[in-house]
Amino acid sequence: WNNRDVNKLQVVLYEKNNNNRVTDISYMLNNCKYVTSVDFKNWQMNNIKSVEAMFQLCNFNKIPNVPMIDMRNLENARAMFCKCKNITTLDTWNDWLKWFIAKDDNKIKNMSMLFNGCINLKAVTFPKTWNNINSLYDISYMFNRCKNLTEVNNLSVLNTKSLKYLSGLFNGCINLTKIGILSFKSQNIEDLSIMFQDCAKLPLIETSFDHAKSIKNISGMFAGCKSATKIIPGIYYTDNLINMAALCKG
81 WNNRDVNKLQ VVLYEKNNNN RVTDISYMLN NCKYVTSVDF KNWQMNNIKS
131 VEAMFQLCNF NKIPNVPMID MRNLENARAM FCKCKNITTL DTWNDWLKWF
181 IAKDDNKIKN MSMLFNGCIN LKAVTFPKTW NNINSLYDIS YMFNRCKNLT
231 EVNNLSVLNT KSLKYLSGLF NGCINLTKIG ILSFKSQNIE DLSIMFQDCA
281 KLPLIETSFD HAKSIKNISG MFAGCKSATK IIPGIYYTDN LINMAALCKG
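Residue numbering for the sequence shown follows the working numbering, starting at 81 and increasing by one per position.
Honestly, I wouldn't trust all of these hints.
Unchecked claim - DMTMM-like, lysine to aspartate or glutamate: derived pairs with alpha carbons at most 25 Å apart:
(1) 329 to 231
(2) 208 to 231
(3) 244 to 155
(4) 227 to 286
(5) 293 to 270
(6) 189 to 104
As the list claims (entries may be wrong) - Quick list of the computed label-pair ranges, beta carbon to beta carbon:
(7) 281 to 168: 15 to 21 Å
(8) 127 to 214: 17 to 23 Å
(9) 241 to 168: 28 to 34 Å
(10) 168 to 268: 29 to 35 Å
(11) 321 to 169: 33 to 39 Å
(12) 111 to 306: 33 to 39 Å
(13) 260 to 319: 27 to 33 Å
(14) 126 to 309: 47 to 53 Å
(15) 103 to 319: 38 to 44 Å
(16) 199 to 314: 28 to 34 Å
(17) 236 to 296: 21 to 27 Å
(18) 171 to 306: 29 to 35 Å
These are calculated hints, taken from the structure and not from any lab test. None of these values were measured; they are calculated from a predicted model. Don't be surprised by glycine CBs; every beta carbon is placed ideally from N, CA and C.
Construct the complete structure from the given sequences, taking the supplied hints into account.
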(Lines of atoms letter the chains of each structure in order from A; the text may use other names.)
(Lines give C-alpha, C1' and ligand atoms only; values in the text may rest on other atoms or scores of the structure.)
Protein backbone atom coordinates (compact mmCIF):
# COMPACT_ATOMS: atom_id res chain seq x y z
CA TRP A 81 0.00 0.00 0.00
CA ASN A 82 2.91 2.37 -0.52
CA ASN A 83 1.78 3.23 -4.05
CA ARG A 84 2.37 6.96 -4.54
CA ASP A 85 -0.63 7.17 -6.91
CA VAL A 86 -3.11 6.27 -4.17
CA ASN A 87 -5.15 9.33 -3.19
CA LYS A 88 -7.89 7.68 -1.16
CA LEU A 89 -7.70 4.31 0.48
CA GLN A 90 -10.89 2.52 1.45
CA VAL A 91 -10.26 -0.17 4.03
CA VAL A 92 -12.81 -2.95 4.52
CA LEU A 93 -11.60 -4.98 7.46
CA TYR A 94 -14.09 -7.83 7.37
CA GLU A 95 -17.77 -8.49 7.02
CA LYS A 96 -20.15 -7.96 9.92
CA ASN A 97 -20.84 -11.64 10.40
CA ASN A 98 -17.12 -12.21 11.14
CA ASN A 99 -16.82 -9.51 13.75
CA ASN A 100 -15.39 -11.76 16.47
CA ARG A 101 -12.22 -12.77 14.67
CA VAL A 102 -9.84 -9.84 14.38
CA THR A 103 -8.13 -8.58 17.54
CA ASP A 104 -4.96 -6.92 16.26
CA ILE A 105 -4.57 -4.33 13.48
CA SER A 106 -1.21 -2.93 14.61
CA TYR A 107 0.97 -1.35 11.90
CA MET A 108 -1.80 -1.92 9.38
CA LEU A 109 -1.15 1.29 7.41
CA ASN A 110 2.27 2.03 8.86
CA ASN A 111 4.47 4.11 6.54
CA CYS A 112 1.77 4.44 3.86
CA LYS A 113 3.07 7.91 3.09
CA TYR A 114 0.91 8.55 0.07
CA VAL A 115 -2.42 7.72 1.70
CA THR A 116 -4.23 10.98 2.37
CA SER A 117 -7.56 9.67 3.72
CA VAL A 118 -9.15 6.46 4.93
CA ASP A 119 -12.76 5.29 4.68
CA PHE A 120 -13.91 3.01 7.51
CA LYS A 121 -17.21 2.19 5.84
CA ASN A 122 -17.66 -1.47 6.93
CA TRP A 123 -15.29 -1.73 9.87
CA GLN A 124 -16.21 -3.79 12.90
CA MET A 125 -13.87 -3.31 15.88
CA ASN A 126 -15.70 -4.83 18.81
CA ASN A 127 -12.84 -7.15 19.74
CA ILE A 128 -9.84 -5.14 18.58
CA LYS A 129 -7.17 -5.06 21.30
CA SER A 130 -4.28 -3.31 19.57
CA VAL A 131 -3.99 -0.47 17.07
CA GLU A 132 -0.31 0.16 17.76
CA ALA A 133 1.34 2.36 15.09
CA MET A 134 -1.66 1.75 12.85
CA PHE A 135 -1.31 5.10 11.06
CA GLN A 136 2.35 5.81 11.82
CA LEU A 137 3.99 8.03 9.17
CA CYS A 138 0.74 8.54 7.23
CA ASN A 139 0.38 11.98 5.67
CA PHE A 140 -3.33 12.68 5.92
CA ASN A 141 -4.24 16.18 7.03
CA LYS A 142 -6.59 15.12 9.79
CA ILE A 143 -7.30 11.99 11.78
CA PRO A 144 -9.76 9.74 9.87
CA ASN A 145 -13.42 9.85 10.83
CA VAL A 146 -14.34 7.42 13.53
CA PRO A 147 -16.35 4.23 12.96
CA MET A 148 -19.38 4.48 15.22
CA ILE A 149 -18.94 1.29 17.19
CA ASP A 150 -18.01 0.07 20.66
CA MET A 151 -14.24 -0.36 21.17
CA ARG A 152 -14.23 -1.17 24.87
CA ASN A 153 -11.75 -4.05 24.43
CA LEU A 154 -8.97 -1.86 23.03
CA GLU A 155 -5.83 -2.07 25.18
CA ASN A 156 -2.98 -0.68 23.12
CA ALA A 157 -2.94 2.56 21.11
CA ARG A 158 0.82 3.10 21.34
CA ALA A 159 2.22 5.30 18.55
CA MET A 160 -1.09 5.12 16.69
CA PHE A 161 -0.53 8.48 14.97
CA CYS A 162 3.24 8.70 15.47
CA LYS A 163 4.95 11.09 13.01
CA CYS A 164 1.77 11.98 11.16
CA LYS A 165 3.37 15.28 10.33
CA ASN A 166 0.39 16.93 8.60
CA ILE A 167 -2.05 16.63 11.51
CA THR A 168 -2.75 20.09 12.96
CA THR A 169 -5.79 19.42 15.14
CA LEU A 170 -7.20 16.58 17.23
CA ASP A 171 -10.90 17.38 16.78
CA THR A 172 -11.58 14.01 15.17
CA TRP A 173 -9.41 12.25 17.76
CA ASN A 174 -11.87 13.34 20.42
CA ASP A 175 -14.53 11.39 18.52
CA TRP A 176 -12.28 8.31 18.55
CA LEU A 177 -11.87 8.69 22.29
CA LYS A 178 -15.62 8.58 22.82
CA TRP A 179 -15.60 5.05 21.45
CA PHE A 180 -12.33 3.87 23.01
CA ILE A 181 -13.56 4.77 26.47
CA ALA A 182 -17.32 4.93 26.06
CA LYS A 183 -17.93 2.39 28.82
CA ASP A 184 -16.72 2.25 32.42
CA ASP A 185 -15.22 -1.18 31.75
CA ASN A 186 -12.86 0.08 29.04
CA LYS A 187 -9.45 -1.59 28.99
CA ILE A 188 -7.18 1.00 27.35
CA LYS A 189 -3.71 0.74 28.95
CA ASN A 190 -1.07 2.17 26.66
CA MET A 191 -1.12 5.50 24.83
CA SER A 192 2.63 6.10 24.83
CA MET A 193 4.08 7.92 21.80
CA LEU A 194 0.51 8.41 20.57
CA PHE A 195 1.28 11.72 18.81
CA ASN A 196 5.06 11.47 18.94
CA GLY A 197 6.63 13.58 16.19
CA CYS A 198 3.37 15.20 15.01
CA ILE A 199 5.37 18.31 14.24
CA ASN A 200 2.47 20.48 13.02
CA LEU A 201 0.05 19.75 15.83
CA LYS A 202 -0.77 23.16 17.33
CA ALA A 203 -3.25 22.81 20.20
CA VAL A 204 -4.83 20.01 22.21
CA THR A 205 -7.97 20.05 24.35
CA PHE A 206 -8.83 16.86 26.18
CA PRO A 207 -12.55 15.95 26.41
CA LYS A 208 -14.27 15.07 29.67
CA THR A 209 -14.54 11.44 28.56
CA TRP A 210 -10.89 11.01 29.61
CA ASN A 211 -12.21 10.71 33.13
CA ASN A 212 -13.60 7.26 32.21
CA ILE A 213 -10.15 5.78 31.63
CA ASN A 214 -9.49 3.43 34.51
CA SER A 215 -6.62 1.23 33.31
CA LEU A 216 -4.27 3.63 31.52
CA TYR A 217 -0.71 3.25 32.83
CA ASP A 218 1.56 4.63 30.10
CA ILE A 219 1.43 8.06 28.43
CA SER A 220 5.20 8.45 28.05
CA TYR A 221 6.39 10.44 25.03
CA MET A 222 2.78 11.09 24.08
CA PHE A 223 3.60 14.54 22.65
CA ASN A 224 7.32 14.02 22.21
CA ARG A 225 8.86 16.40 19.64
CA CYS A 226 5.56 18.10 18.81
CA LYS A 227 7.59 21.21 18.15
CA ASN A 228 4.70 23.47 17.05
CA LEU A 229 2.38 22.55 19.92
CA THR A 230 1.59 25.77 21.80
CA GLU A 231 -1.06 24.79 24.33
CA VAL A 232 -2.56 21.77 26.07
CA ASN A 233 -5.93 22.20 27.77
CA ASN A 234 -7.91 20.08 30.23
CA LEU A 235 -5.31 17.35 30.76
CA SER A 236 -6.43 17.49 34.39
CA VAL A 237 -9.64 15.65 33.43
CA LEU A 238 -7.58 12.50 32.83
CA ASN A 239 -8.27 9.71 35.31
CA THR A 240 -4.71 9.23 36.55
CA LYS A 241 -5.19 6.54 39.19
CA SER A 242 -3.35 3.82 37.25
CA LEU A 243 -0.56 5.85 35.65
CA LYS A 244 3.05 4.63 35.94
CA TYR A 245 5.01 6.19 33.10
CA LEU A 246 5.04 9.88 32.12
CA SER A 247 8.62 10.15 30.89
CA GLY A 248 9.13 12.47 27.93
CA LEU A 249 5.45 13.46 27.91
CA PHE A 250 6.19 16.95 26.53
CA ASN A 251 9.84 16.43 25.65
CA GLY A 252 10.98 18.73 22.84
CA CYS A 253 7.77 20.78 22.73
CA ILE A 254 9.84 23.89 22.13
CA ASN A 255 6.90 26.25 21.49
CA LEU A 256 4.63 25.07 24.29
CA THR A 257 3.51 28.06 26.38
CA LYS A 258 0.43 26.78 28.22
CA ILE A 259 -0.37 23.53 30.02
CA GLY A 260 -2.21 24.58 33.18
CA ILE A 261 -1.81 22.79 36.51
CA LEU A 262 -1.19 19.05 36.10
CA SER A 263 -2.47 16.97 39.00
CA PHE A 264 -1.77 13.22 39.08
CA LYS A 265 -3.41 11.02 41.70
CA SER A 266 -1.75 7.69 40.99
CA GLN A 267 0.26 5.99 43.73
CA ASN A 268 2.08 3.93 41.09
CA ILE A 269 3.97 6.61 39.12
CA GLU A 270 7.60 5.60 38.65
CA ASP A 271 9.14 7.56 35.81
CA LEU A 272 8.99 11.34 35.19
CA SER A 273 12.33 11.65 33.41
CA ILE A 274 12.64 14.40 30.75
CA MET A 275 8.91 15.05 31.13
CA PHE A 276 9.29 18.74 30.19
CA GLN A 277 12.77 18.69 28.68
CA ASP A 278 13.39 21.56 26.22
CA CYS A 279 10.00 23.16 26.81
CA ALA A 280 11.91 26.40 26.38
CA LYS A 281 8.91 28.76 26.32
CA LEU A 282 6.93 27.50 29.32
CA PRO A 283 6.88 30.33 31.87
CA LEU A 284 5.27 28.30 34.66
CA ILE A 285 5.33 24.58 35.40
CA GLU A 286 3.13 23.37 38.24
CA THR A 287 2.57 19.68 38.86
CA SER A 288 1.14 17.70 41.73
CA PHE A 289 2.04 14.12 42.61
CA ASP A 290 0.73 14.15 46.16
CA HIS A 291 -0.28 10.46 46.10
CA ALA A 292 2.77 9.16 44.24
CA LYS A 293 4.89 7.02 46.54
CA SER A 294 6.78 5.00 43.92
CA ILE A 295 8.61 7.71 41.93
CA LYS A 296 12.09 6.49 41.00
CA ASN A 297 13.31 8.67 38.16
CA ILE A 298 13.00 12.46 37.69
CA SER A 299 16.23 12.94 35.75
CA GLY A 300 16.10 15.86 33.32
CA MET A 301 12.48 16.50 34.21
CA PHE A 302 12.82 20.28 33.74
CA ALA A 303 16.04 20.37 31.73
CA GLY A 304 16.15 23.11 29.10
CA CYS A 305 13.12 24.97 30.47
CA LYS A 306 14.85 28.29 29.87
CA SER A 307 11.81 30.57 30.26
CA ALA A 308 10.43 29.00 33.44
CA THR A 309 10.45 31.55 36.23
CA LYS A 310 8.59 29.27 38.60
CA ILE A 311 8.63 25.47 38.88
CA ILE A 312 6.51 23.63 41.42
CA PRO A 313 7.26 19.88 41.16
CA GLY A 314 4.74 18.81 43.81
CA ILE A 315 6.66 15.64 44.71
CA TYR A 316 6.22 14.76 48.37
CA TYR A 317 7.35 11.13 48.64
CA THR A 318 10.99 10.43 47.82
CA ASP A 319 11.71 7.13 49.59
CA ASN A 320 12.11 5.27 46.27
CA LEU A 321 13.76 8.08 44.32
CA ILE A 322 17.07 6.96 42.78
CA ASN A 323 17.73 9.31 39.83
CA MET A 324 17.68 13.12 39.88
CA ALA A 325 20.44 13.67 37.32
CA ALA A 326 20.28 16.93 35.34
CA LEU A 327 16.91 17.73 36.90
CA CYS A 328 16.93 21.39 35.83
CA LYS A 329 19.97 21.42 33.55
CA GLY A 330 20.12 24.38 31.18
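Verification of the hints:
| no. | hint | in the structure |
| --- | --- | --- |
| 1 | 329 to 231 | holds, 23 Å |
| 2 | 208 to 231 | holds, 17 Å |
| 3 | 244 to 155 | holds, 15 Å |
| 4 | 227 to 286 | holds, 21 Å |
| 5 | 293 to 270 | holds, 8 Å |
| 6 | 189 to 104 | holds, 15 Å |
| 7 | 281 to 168: 15 to 21 Å | holds, 19 Å |
| 8 | 127 to 214: 17 to 23 Å | holds, 19 Å |
| 9 | 241 to 168: 28 to 34 Å | holds, 32 Å |
| 10 | 168 to 268: 29 to 35 Å | holds, 34 Å |
| 11 | 321 to 169: 33 to 39 Å | holds, 38 Å |
| 12 | 111 to 306: 33 to 39 Å | holds, 35 Å |
| 13 | 260 to 319: 27 to 33 Å | holds, 29 Å |
| 14 | 126 to 309: 47 to 53 Å | holds, 50 Å |
| 15 | 103 to 319: 38 to 44 Å | holds, 40 Å |
| 16 | 199 to 314: 28 to 34 Å | holds, 30 Å |
| 17 | 236 to 296: 21 to 27 Å | holds, 24 Å |
| 18 | 171 to 306: 29 to 35 Å | holds, 32 Å |
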